[in-house]
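There are 2 protein chains.
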Amino acid sequence: MLSAAARARLTVVLVGARNPSNIGAAARAMQDFGFSDLRIVNDYAAPFEAAQLEDAATPKSAVGAASVMQRARRFSSLTDATADCSLVAGTTAIGDRDLQRDILTLQQATPQILGSLTSDPQPRVAVLFGSEKTGLSKEHLSHCSLLLTIPLFAPEDARHLSMNLGQSVAVCLYELTREGLEGSREIPTLHEAAATADDRERLTQLLLDVMHVTDYTRRFPANAAEPLVRQLTQQLGTTHREAMTWMGILRQILWRERKQ
Amino acid sequence: MLSAAARARLTVVLVGARNPSNIGAAARAMQDFGFSDLRIVNDYAAPFEAAQLEDAATPKSAVGAASVMQRARRFSSLTDATADCSLVAGTTAIGDRDLQRDILTLQQATPQILGSLTSDPQPRVAVLFGSEKTGLSKEHLSHCSLLLTIPLFAPEDARHLSMNLGQSVAVCLYELTREGLEGSREIPTLHEAAATADDRERLTQLLLDVMHVTDYTRRFPANAAEPLVRQLTQQLGTTHREAMTWMGILRQILWRERKQ
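Chains D and H supply the protein sequences, listed in that same order. Take the first sequence: its letters are residues 1 to 260, numbered as in my numbering. Take the second sequence: its letters are residues 1 to 260, numbered as in my numbering.
Simulated from the structure, these hints should not be mistaken for lab results.
Quick list of the computed label-pair ranges, beta carbon to beta carbon:
| no. | chain 1 | residue 1 | chain 2 | residue 2 | range |
| --- | --- | --- | --- | --- | --- |
| 1 | H | Gln107 | D | Ala193 | 21 to 29 Å |
| 2 | D | Ala4 | H | Ser77 | 41 to 49 Å |
| 3 | D | Gln100 | H | Asp198 | 16 to 24 Å |
| 4 | H | Arg18 | D | Pro155 | 29 to 37 Å |
| 5 | D | Ser3 | H | Gln234 | 30 to 38 Å |
| 6 | H | Ala50 | D | Ser142 | 39 to 47 Å |
| 7 | D | Ile253 | H | Gln112 | 26 to 34 Å |
Here are some of the chain H residues that sit facing chain D, going by a computed Cβ distance under 10 Å:
| no. | residue |
| --- | --- |
| 8 | Asp32 |
| 9 | Gly34 |
| 10 | Ala154 |
| 11 | Gln167 |
| 12 | Ser168 |
| 13 | Val169 |
| 14 | Ala170 |
By construction, the Cβ of each residue, glycine as well, lies at the ideal position given by its N, Cα and C atoms.
Pulled out of the complex, with its shape left as it was, chain D reads as follows (with noise of 0.2 Å):
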């Protein structure tokens, strides 16, 4: 369960992106998933003032990512944007980069990524993320002290494996708060009345019923027995109200068939 103060330390830094949608998309992620702190690295302020205009400009943005957008700041270096960050943990793809360290895969970096959100005092995590392009440098990952992959599907023929820069923000996030999210609404459940064994046994006679009106019984007795009719009827309806409506169109076909 992340709380509001642990989400709100959790940094999303961009290095490099030059696409503005890819930045945009990235925001809305955050916005979806309760994140709120975005960075870009980058040399030239051209994507990131295209990225806040195309929000301020479509109507997207009103569903979307407008408070992270807003809120987004441009840094020249990536030394600079971590300066306040106690964990870096850098994404990249698994290619043929002789990168000499670990991996984790992004499953089995998340419980440290949240151990330091929720453990230090005033602790800052950034989860850096490489242009579109080329993903992360290893100069930029020589920042890191955590390193992650998302585990895709990496036939032996295919070398240059990448996500979408969206999609990556969007499934790093959904498994940072993948064991809940403080301060969210719950999903409601319905917790409807069952059907209960009086609303399965009404149904089966109803059902006999039927079988004998309609001259069933008489062609099929092999399928009319009491016994499998009843097994039959267990799968009418879960709920009380599904057998009620079960109930409903089977007493219709028995008015139908005697009136007849």
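Given chain D, work out where chain H should sit, using these hints.
Positioned in the frame of chain D, the structure of chain H alone reads:
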């Protein structure tokens, strides 16, 4: 561990997707996680054809979703698109929709989907995603035997929650493959030799020497006690290679100091 055969039996159905880029993004997510059967339900062919053209025309397709898009099929009705599926799961946002049906979280729904994919004799499972604008309608959801939602951050005042289509598909397929993909490459682990107690002891002695020759020991004797220094050197490198690097650094300092 999801086998290649089981993955081949999972169908992603996009219902009413209007934006060709979103169809392409869904296809790319499928390729990333090892799925191949994409079906588009749309009254008109334009978005589907545009997505195929876009995929064929851009260099993205080289690393992207070329084979998924090539095999994708369009249907004019949801009934046709899911005719051969034994389990139909619908994704939905928890909005103010009055569904009268239970909705599972993605995590809760996954065992049932994986169970269907792996246990029946020739099962096919469809996972449905609605359009970017409206999601799946009540009519669409009535085709589903299972409803699921990706838990999002939802403060009480947020009424319209929905994720980007490509991101939704990516997160769902990530969860379905989270316990592993058969036939995929393992993430290489280094299995590098860990630093030994002997390495640690040599580092401790070297660090004590450095403290001595640099006059640190005289100025801060409380910090220079051997047990404290030994504890400090626990932090110097986790592998033998890193420990050796640290020794080299310390020896260099000693050499410089002694030369003076």
